[in-house]
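Chemist: From first to last, the protein sequence lines are chains C and G. Under the numbering used here, residues 18 to 325 are what the first sequence spells out, in order. Under the numbering used here, residues 47 to 603 are what the second sequence spells out, in order.
Derived by calculation from the structure, the hints in this document are not laboratory data. Note that the Cβ used here is the ideal one computed from N, Cα and C, for glycine as well. The reader is advised that the hints may include incorrect statements.
[Unchecked claim] Which chain C residues face chain G? A few, computed with CB under 8 angstroms, are given here:
#1 R53
#2 K59
#3 T61
#4 V64
#5 N100
#6 G173
#7 N273
#8 P275
[What the hints assert, rightly or not] Straight line, CA to CA, 25 angstroms or less: simulated SDA-like cross-link-like pairs of lysine to any residue:
#9 K97(C) x Q287(G)
#10 K487(G) x L66(C)
#11 K59(C) x T531(G)
#12 K190(C) x P282(G)
#13 K59(C) x A480(G)
#14 K288(G) x I267(C)
#15 K97(C) x K269(G)
#16 K288(G) x F99(C)
#17 K59(C) x A214(G)
#18 K59(C) x G136(G)
#19 K487(G) x V52(C)
#20 K269(G) x Q283(C)
#21 K288(G) x Q109(C)
#22 K269(G) x T56(C)
#23 K473(G) x G58(C)
#24 K269(G) x I69(C)
#25 K473(G) x P51(C)
#26 K473(G) x Y282(C)
#27 K473(G) x V52(C)
#28 K269(G) x Q109(C)
#29 K372(G) x K428(G)
#30 K288(G) x G187(C)
#31 K59(C) x P530(G)
#32 K97(C) x G189(G)
#33 K59(C) x E131(G)
#34 K399(G) x T132(G)
#35 K175(C) x Y349(G)
#36 K97(C) x Q104(G)
#37 K59(C) x E554(G)
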Amino acid sequence: MGRYAIRRILQMIPVFFGTTFLIYALMFALPGDPVRNLTIGKQTNPVYLEYIREQFNLNQPFIIQYLDYLKGILTLDFGKTFNGTPVLEIFQQRWPVSVTLALTAFGLEVLFGIGFGIWAALRKGKVFDHLSLTGTLIVVAVPVFVLGYVAQWVFGVKLGWVAPAGIQDGWPKSYIVPAAVLASLSLAYALRLTRQSLLEAFNSDYVRTAKAKGLPPGTVLRKYSLRNSLIPVVTFLGADLATLMGGAVITEGIFNIPGIGQQLYQSIRLHESVVVVGIVTVLVIIYLFANLIVDLLYGVLDPRIRYE
Amino acid sequence: MKKSRLGAAAVSVTALALILTACGGSSGGSSAGGASAAGSSAPAATGGTFSVASEEPQNLIPSNCYDLYCANVLNMMFTGLFRFETQADGTVVPVATEMVDSITTADGGTTWSIKIKDGWTFTNGEKITAQTFADTWNFAAYGDNGQQLGFVFGSSQLNVVGYDDVAANKAKTMSGLTVAGPLELQMKLVSPLGEGIFYNFLAGPQIFPMPSVAFTDVEAFNKNPIGNGQYMMNTPWVPNQKIVIDKNPNYLGTAGNADSIEFRVYNDTTAEWADLQANNVDVVPQIPQAALSTAASVLGDRYVNTPGALSFSYSFFPLQSSTFAKKEVRQAIAKAINMDQINEKLLFNTQTKATAFAPSTIPGGGTDACGDSCVYDPAAAKALLDSVGGIPGNKVQIAALQGSPNTVAKAECDQIQTNLGVNCTLKLFPDFGALLDAYGKITAADAGFIGGLGWGADNPTLQNMIAPLFGTDSPSNYIGYSNPTFDALISEGNAAADSATQIAKWQEAQKVFYDDFAAYATSWRNTTYGYSTNVSNVIVNPQGFINLDQIQVTKQG
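Here chain C stands alone, though its shape is the one from the complex:
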């Protein structure tokens, strides 16, 4: 298993260079002059624009710009924004916020997605099962920004339980509503997935055998049905953790959470290539690691799975 993990990690190196190259090329291909955009609607200072072009190598052809960026990375210099803030500093400010939000959302997703999923499966056809079906259908059908604005208005403006925006109140008060909104869609999927695969397991031969042997229902659920039915759920959740971190652009926008999603949106608008490349590359790496962890978890859940 150790060798397998190391091999997977080594595979990430070409992926890293591939991502940086692709994203850098895509940013370069965006139409419009980024420097010109900086001064639209106010008096243009040619001296300043020349300074920015010089600073950010914008007068150079693509390949030189990219190689220069790579050279910077090797010396741990990830570049800076047009305002002069180093990308590393932005990472230090923004990643903790996004990670907190994503982990809170992930916690809610695991807790309620799996919890309610088990409950719904155990009471198949009863009131809770129907309620959860309706609830998840609504959540899946309603776009996340609608959900976000409604939650903000109800809990922030009308009821006044939490501040409508910002993170001044810290964790958990400032994070709980945005995290719930962020988690809602995946939570609904996790719930349905857990319920479905658990019901399949209930009908399988080994569960029937276990029941026939007279094992207590709790043991059957934990050791036989749940453990086997969790594999698709874990796959889904693992991939979702990375999505939660990168996909929070809308939620972070609505609730004014200074996370990485907000920065990504801003930097794409401003054509700040180095910031976008940095953020996306980190997201890709998180995604790869999440996938690796999921693959390794399979072995824990199902000992028949072997790594070579």
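Position chain G relative to chain C; hints supplied.
Modeler: Chain G alone, transformed into the frame defined by chain C:
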């Protein structure tokens, strides 16, 4: 929603102060009503803390601050030579600050002597002298320092002798800037400037003095700026979250009202709006488009919508394209669009139809310079268009941005279609840079498109509303307009000693421009903002600067 325990303590202090005033004073007038005078000496009016919604400032370096968000912070932290004040007639003019001793010219506006008062210091104790100003301005002008506002000393504004060499990194100091005494600075200009415009040029953040520590490590200074103003920064700037400034106890001029001001960083005006409704932020200097329809009913008197912000939207035509080559075509399009209706129905009267480039808050502005071309008259527009044989191909395009609602551009297109019978479609661009790139490439053979942009003035002069946009070879002249008569009138106006002549010259230039009709201002923006129930006397001036020092905290939120 409630803030920290510190906030609660402040509540009790304010409450105590209220009780004390109620006992002592007979009138005990409350300071409600936004228009109350700033100088009122009610004890309850000072002290307290309030929060202001802001975007993340680009930086907090005066000579590099070219957005409203850093300007609002720096205006409180620094005192320069002039600041903008709104006069009784509603116009905004530069007024000398308490630090200025005298500013005089002996030769009709070419050489200026600037004297400052003794005793002013930065909050780190450093004395402010004429040398401080010279160092700051040389720093701002030096090309490799990359300061956005350095251009103010160049040919488009002050035009100090020796600027070009400093901007090109050939010299460290502008030769036109000499220290004549500890508190006296001499400034020699390439061409004379009238008093009115000279004072305006001396009012931006680039004029604020910066301490010597700023020049040795500007990065560190940016994080922890040290000024000479009413407020100072005691706690570091928390990037993307907040900036807190506290009263400067040693300030020599008139102190601000509140004890401290918190600038809260938002990325989205909708979030600001939600926080304002919950009384969670006190001053919101812009209301999101989506909330405009309900803002007045939600906030009542606390929603302010005053005409006359120093910015306008303008439409421009590629004259080289055969579609727009005829002036009548351009005028017909302008006449066919009912801006009043668009402003009322789509923008909830937060913009006002423009009849000139400068609104009435600018001396010499608010006139009807556009004349008949800006009068909505669909029948006359159609007749005018028909008189020149219509538009080639009978279709036009209006530039718009991808991903934005483009409600105004769509409405304009609909009206052109309905009133002129010309097919109108939107031409989408990813951003303004791409729009202007495409605009610059239009040739006679191309159909081209009608462009639309906004402009915000740096200072309240008619000159700043038109010269940067339409002067020959001006870097912000995106539309490529060039007319020697226009340029000459602008320069004559700049040099005119008395302001009446100056304004008349600029108005004449404006008239010349409208006669060519290469572009026209469609709407003046309003100053639109809201505030919470915790504060009063909130005024945002036409430039978008908030009178933060005069805001009174009536209730600690």
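Chemist: Now tell me if each hint is right for this structure.
Modeler: Going through the hints against the structure:
Because the closest C-beta pair between R53(C) and chain G is about 4 angstroms apart, less than 8 angstroms, the hint holds. Hint status for K59(C) relative to chain G: holds, with the closest Cβ pair at about 6 angstroms, below 8 angstroms. Taking 8 angstroms as the C-beta contact cut-off toward chain G, the hint placing T61(C) at the interface holds, the least distance being around 4 angstroms. Hint on V64(C) holds. Least Cβ distance to chain G is approximately 5 angstroms, under the 8 angstroms limit.
Interface restraint check for N100(C): the shortest CB-CB distance to chain G comes to about 5 angstroms, inside 8 angstroms, so the restraint holds. Nearest Cβ of chain G to the Cβ of G173(C): about 6 angstroms, under the 8 angstroms cut. The hint holds. Interface hint at N273(C): satisfied, since its Cβ lies 4 angstroms from the closest Cβ of chain G, which is below the 8 angstroms cut-off. With a cut of 8 angstroms, the hint placing P275(C) at the interface with chain G holds, because the nearest CB-to-CB distance is about 4 angstroms.
Note on K97(C) and Q287(G): the hinted pairing holds, with a Cα-Cα distance of about 19 angstroms set against a maximum of 25 angstroms. Under the criterion of a C-alpha separation no larger than 25 angstroms, the hint pairing K487(G) with L66(C) is consistent with the structure, at around 21 angstroms. Between K59(C) and T531(G) the CA atoms are separated by roughly 24 angstroms; this keeps the pair inside 25 angstroms, and the hint holds. The hinted pair formed by K190(C) and P282(G) meets the criterion: a straight-line CA distance of about 24 angstroms does not exceed 25 angstroms.
Taking the CA atoms of K59(C) and A480(G), the gap is about 17 angstroms. The hint holds against a cut of 25 angstroms. Between K288(G) and I267(C), the direct Cα distance comes to roughly 21 angstroms. Compliance with the 25 angstroms bound is thereby established for this hinted pair. Simply put, K97(C) and K269(G) have alpha-carbon atoms about 16 angstroms apart, close enough for the 25 angstroms limit, and the pair holds. With a C-alpha separation of about 20 angstroms, the suggested pairing of K288(G) with F99(C) holds against the 25 angstroms cut-off.
Distance hint between K59(C) and A214(G) is fulfilled; the C-alpha atoms sit about 22 angstroms from each other, no more than 25 angstroms. In summary, the hint linking K59(C) to G136(G) is supported, as the alpha carbons are separated by about 24 angstroms, within the 25 angstroms threshold. Between K487(G) and V52(C) the alpha-carbon distance is near 18 angstroms, which keeps this suggested pair within the 25 angstroms criterion. Between K269(G) and Q283(C), the direct Cα distance comes to roughly 21 angstroms. Compliance with the 25 angstroms bound is thereby established for this hinted pair.
Between K288(G) and Q109(C) the alpha-carbon distance is near 16 angstroms, which keeps this suggested pair within the 25 angstroms criterion. Distance hint between K269(G) and T56(C) is fulfilled; the C-alpha atoms sit about 23 angstroms from each other, no more than 25 angstroms. Restraint check for K473(G) and G58(C): the C-alpha separation of about 20 angstroms stays at or below 25 angstroms, so the hint holds. Distance restraint check for K269(G) and I69(C): the Cα-Cα separation of roughly 20 angstroms lies within the 25 angstroms cut-off, and the hinted pair is therefore satisfied.
For the given pair, K473(G) sits about 20 angstroms from P51(C) by alpha-carbon distance, which is consistent with the 25 angstroms threshold. The hinted pair formed by K473(G) and Y282(C) meets the criterion: a straight-line CA distance of about 23 angstroms does not exceed 25 angstroms. For the given pair, K473(G) sits about 22 angstroms from V52(C) by alpha-carbon distance, which is consistent with the 25 angstroms threshold. A distance of roughly 16 angstroms separates the Cα atoms of K269(G) and Q109(C); the hinted pair therefore holds under the 25 angstroms criterion.
The straight-line distance between the Cα atoms of K372(G) and K428(G) is roughly 14 angstroms, inside the 25 angstroms bound, and the hint therefore holds. For the hint pairing K288(G) with G187(C), the CA-to-CA distance comes to about 14 angstroms; that is within 25 angstroms, so the pair holds. A threshold of 25 angstroms between alpha carbons decides the hint, and for K59(C) with P530(G) the separation of about 23 angstroms falls inside it, so the pair holds. As the CA atoms of K97(C) and G189(G) are separated by approximately 19 angstroms, the hinted pair is consistent with the 25 angstroms bound.
At most 25 angstroms may separate the alpha-carbon atoms for a hinted pair to count; K59(C) and E131(G) meet this at roughly 21 angstroms. For the given pair, K399(G) sits about 22 angstroms from T132(G) by alpha-carbon distance, which is consistent with the 25 angstroms threshold. This hinted pair checks out: K175(C) and Y349(G) have alpha carbons roughly 19 angstroms apart, not beyond 25 angstroms. Only pairs whose Cα atoms come within 25 angstroms are accepted, and K97(C) paired with Q104(G) is accepted, the gap being roughly 13 angstroms.
With a CA separation close to 23 angstroms, the supplied pair K59(C) and E554(G) stays within the 25 angstroms bound.
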